[in-house]
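Asker: For reference, the chains in residue letters:
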Amino acid sequence: MMKKRIQIILRGIFKENPAFVLLLGMCPTLATTSSAINGLSMGLATTFTLMLSNLTISLISKLIPNKVRIPSYIIIIASFVTVIDLLMAGFLPDIHSQLGIFIPLITVNCIVFARAESFASKNGALDSISDGLGIGLGFTLALTALGFVRELLGAYSIFGYKLNGITFLESLPSDGIIIFILAPGAFIALAYLIVLFNMLKNKLIKNN
Amino acid sequence: MAKESSFKNMVITLLVITLISSALLGGVYELTKDAIAAVKIRKINNGISNVLPAFDNNPSENVHKKFIDGDTVYVYTATKDEKIVGSAVQTFTNTGYGGKIVMMVGFLTNGEINKIDVISHSETPGLGDKIEPKKTDFNVQFNGKNPKDYKLAIRKEGGDVDAMSGSTVSSKAFCDAVARAYKVFREDIMKDQGKWDDVSGATQQKK
Amino acid sequence: MEYILLLIAAIFVNNVLLSQFLGICPFLGVSNKVTTSMGMGGAVVFVLTISSIATYLIQYFILVPLKIEYMQTIIFILVIATLVQMVEIILKKVSPTLYQALGIFLPLIVTNCAVLGIALLSIQNKYDLAKTTVFSLASGIGFALALVLFAGLREQLELSSNVPKSMKGTPIALIVAGLLAMAFMGFSGVVKL
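Protein chains in written order, with the working numbering: chain F, 1 to 208; chain H, 1001 to 1207; chain X, 2001 to 2193.
Each hint should be verified, as a subset may be incorrect.
Said to hold, decoys possible - Which stretches of chain X does chain F cover? Using the computed rule of at least three CB atoms under 8 Å from a CB of chain F, they are:
hint, stretch
1, 2017-2031
2, 2157-2170
3, 2175-2182
It should be emphasised that the hints constitute simulated quantities derived from the structure, not laboratory data.
Where a beta carbon is used, it is the ideal one built from N, C-alpha and C, also for glycine.
Whenever a hint applies, use it, and build me the whole structure from the sequences.
Answerer: This is how it looks when you write it as structure tokens:
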């Protein structure tokens, strides 16, 4: 049983990584990754929503009539998102103002709804939490990686710490390849990360 | 799997789910209400303490609002030991390269600019965002200047402000916001001359 | 004049897709053919405008008086979902031709974050009803414009055989989107709000 759950978690991180493989939840992926910290926080907020909504929906899906399934899920997901939104506004105000409207927009993140519909409604509570955790972590990993790359190239810093003392960087005219912080850089950095991810995955499959 | 749908159980299900989630949200809202309100006040007070010398009142309670050019300018007056130390003016401009810029300008009692902080903006990273105090010294040049004899416009337009190279638009917008702050401060706050002269005399003695 | 500036700014300068990243899922999903992207674009303009107006009215006549602004997200998404259903039913009755063109895209729009996003942004920016209408209409047009342009580029891309194997599909589409976003950046500074 334990082994199966670990497999479910790993599958979400790697084989079915939402941002790199399934290409779900692209809006926050591109919009909130101008720095690694922002990407990480967005990923974690989504992970909490996923775990809570997956748990709830797996518990009550048998009680919900088929025809009102979708509105019910929407209400449940939107409620949890609002809870997280309020908690973050009260206790993590800096991150909350950085992520802005993308917190309420977790409601319409296709990943959350897709997992509720395709996994949580058909599986038990513990499996569903594991699935939420796995998919959430996969998403977090992808967002952090993208934020890391964009921040490194765009501002020459790592998790908010400027790279100092590197003569090569100091000889450059500006303190970052600004385009990577801006909108176009989000698309381009993501494209190359997906290519890298696919190449890595193909290599692993070949070796196995 | 899922239950058969009938009109009755559909209505009941949705009703129950809505009730539970409303109750949950209401509860969380009550729980976080005070924290969120405190965050708001702390943000304003932090913004004020960034641009003014030390004070011991709660300036966010002592606010003067003025509707001007399509938006509101807020003036928070800070005191220490019952004496006014200066006013922080939350001002704005609509002429930034990326649209609106919101700033906090601290004026001492004699009208001198103490410090300026940028609250929010959407200027181009690497160019216009140099208006942020942590990025360059552009806005340091305003510190200690009195707009009475310091023209808030860039040199190219006959003013006294050195523009940032490559970011004329942002530099001009910055001046516009400071000028708006000064206008409100002068017309609404400083006009109460007796009070202000008195206090400014006290501050000058300290120096 | 103010409205014209708002219109131009929302279409070009702050394009929903290319600078605000709202509605990326359909942007990547329904952009293989110019014809389908036009259908999707039309449906989004339509739904975005009416749902922004509806959520504006709900915010200021229901949520604010009752002091339950924290229910915003949940109420808005339900309103949008209901509205999309209603539009679908009405369209089917009133204009079957339009329904044929837009019909299959309507259900997809509920989870298009541009719709909820623009509704929330209009409230956040404290727009009045007239500005909300102009802003949402312009955002819809901006969405449609970027979508159709992107679909045109992708159609050409399909014909090209020079794309490296590991870049085929999504990665190259994302690069194209990045270049398109760069082109749209040229508009910034043109209009100031």
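Asker: Which earlier hints can't be squared with this structure?
Answerer: none
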